[in-house]
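Trainee: From first to last, the protein sequence lines are chains A and B.
All the letters of the first sequence, read from the start, carry residue numbers -3 to 270 under our numbering.
All the letters of the second sequence, read from the start, carry residue numbers 129 to 289 under our numbering.
Misleading hints may appear alongside valid ones.
Claimed, not checked - Computed beta-carbon distance windows for the label pairs:
1. -2(A) - 214(B): 38 to 44 Å
2. 243(A) - 231(B): 35 to 41 Å
3. 162(A) - 256(B): 30 to 36 Å
4. 54(A) - 232(B): 31 to 37 Å
5. 245(A) - 267(B): 57 to 63 Å
It is worth saying that the hints were derived from the structure and are not from the lab.
By construction, the Cβ of each residue, glycine as well, lies at the ideal position given by its N, Cα and C atoms.
Spelled out, the chains give:
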Amino acid sequence: MTVFIPRSLQEATDLIAEHPDAHLLTGGTDLMVEVNFNHRRPEKVISLGKIEELHQVTINDDHVIIGAAVPYAQMEKGELGESLPALAEAARTVGSPQIRAAGSLGGNLGTCSPAGDSLPVLSATNSLVHLTSAGGTRMVPFSEFMIGPKRNSRQPHEIITAVTVPRTCGWQGYAKVGTRNAMVISVASACVVFHDDELRIALGSVGPTIIRCTDTENWYQSLASKKSTGVSLEIGSRASQESRPIDDHRSTADYRRHAIKVLAQRLFERGMSK
Amino acid sequence: MSGHQNYTLNVNGTEHPVKDAWIGESLLYVLRERLGLPGSKGACEQGECGSCTVVIDGSAVCSCLVMAATAVDSQIATIEGLAEDGTLTDVQEAFITEGAVQCGFCTPGLVMAVHHLLESNDNPDEMTVKEALSGNICRCTGYGRIFAAVDAVIAQRQAGK
């Protein structure tokens, strides 16, 4: 096993071209748990934490570019948090302060767990994942990036370098259900984004990938009267029907369907009341 | 031996050579087993309990989740660096006087987290303190005495201004 610690993106893309089998490491909060428990023994590791380019944040009027190694702690508040309220809420629910000081979007996307806290937000905001190799950078919509549980479309010679998160015109929010407040892996999560007259809903932990509730979104779009009573209840039950949860050690499919119904309805109502 | 490497870690201002270490070793393991710094405690090994909390380049993190070999060229602060001359810090004193220590296993991590909090915020409110310590689990005290110790330090520091 060898650990490489590139100091620049150029050095990192050269290294991964030479070692496409290397495990990419950012904060370590996923990989080290597996190493500590002897579930994984990677032969080669490229540590990306000391690459300056991956720590950059650019806030523009219509979108924000967040470096793959920017820690969640930085997304919770300040200018970055204020520019992307749903991502700030999701970041705030990740682990504990110690985990949020280390964890990053690059790691969440690299691991690509259906329970990844930032992922419903990246889905509902139509975010783009930047994948960089020695040959250049390609931008992949999140919906095409996550292709299964812990599976994504990153090629072995590519590094996740940043995420472009479009800013939206309207309220956005995120909520998750777990067994306690701190240090909890989500049982079900949802992100609701209003963009002009468009509604977007993305669900986490209730399917093999993050689920975009396109049927619910289209149903809402077709409504003549979007503020009539009963719409929020219908949003909740339609979103719940679009979820595809399973029973596992963390919860049951039944409970998850119920949780999504409540989360989607509640977030929608919060948005409508603003 | 393959998969082993030499590197140097800067811990509490001192360069510590680490010789022939397996690369997968966590910083917690290296501190405790190779560098003779057993103050940071290992319990969950998955970042849930906070008893291994150290401060790296100004961020409080779980040392069990840091691959030690990647922490080169970083400033690592551990509990051993707080009272190097034998004089306890105000946080350590307050933990004793307020009875915030029972079995003591979580104490080093909590003391590191409290110091880290108070360095960036000298007068945090109750929720801020609870949030800052939410990654540190104590199974003895029920946290009341710990929060009392933090309050005592805040009061002392405010009075001493």
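Trainee: Does 57 to 63 Å hold as the CB distance between residue 245(A) and residue 267(B), or does it fail?
Mentor: With Cβ atoms ~22 Å apart, the hint is violated.
Trainee: Does the Cβ distance between residue 54(A) and residue 232(B) fall inside 31 to 37 Å?
Mentor: violated, 46 Å
Trainee: Is the hinted range of 30 to 36 Å satisfied by the C-beta distance from residue 162(A) to residue 256(B)?
Mentor: Since the Cβ atoms of residue 162(A) and residue 256(B) sit about 32 Å apart, the hinted range of 30 to 36 Å holds.
Trainee: Do the beta carbons of residue 243(A) and residue 231(B) sit within 35 to 41 Å of each other?
Mentor: Check passed, 37 Å falls within 35 to 41 Å.
Trainee: So does residue -2(A) sit 38 to 44 Å from residue 214(B), Cβ to Cβ?
Mentor: holds, 41 Å
Violated hints, in rising order: 4, 5; the structure is consistent with all others.
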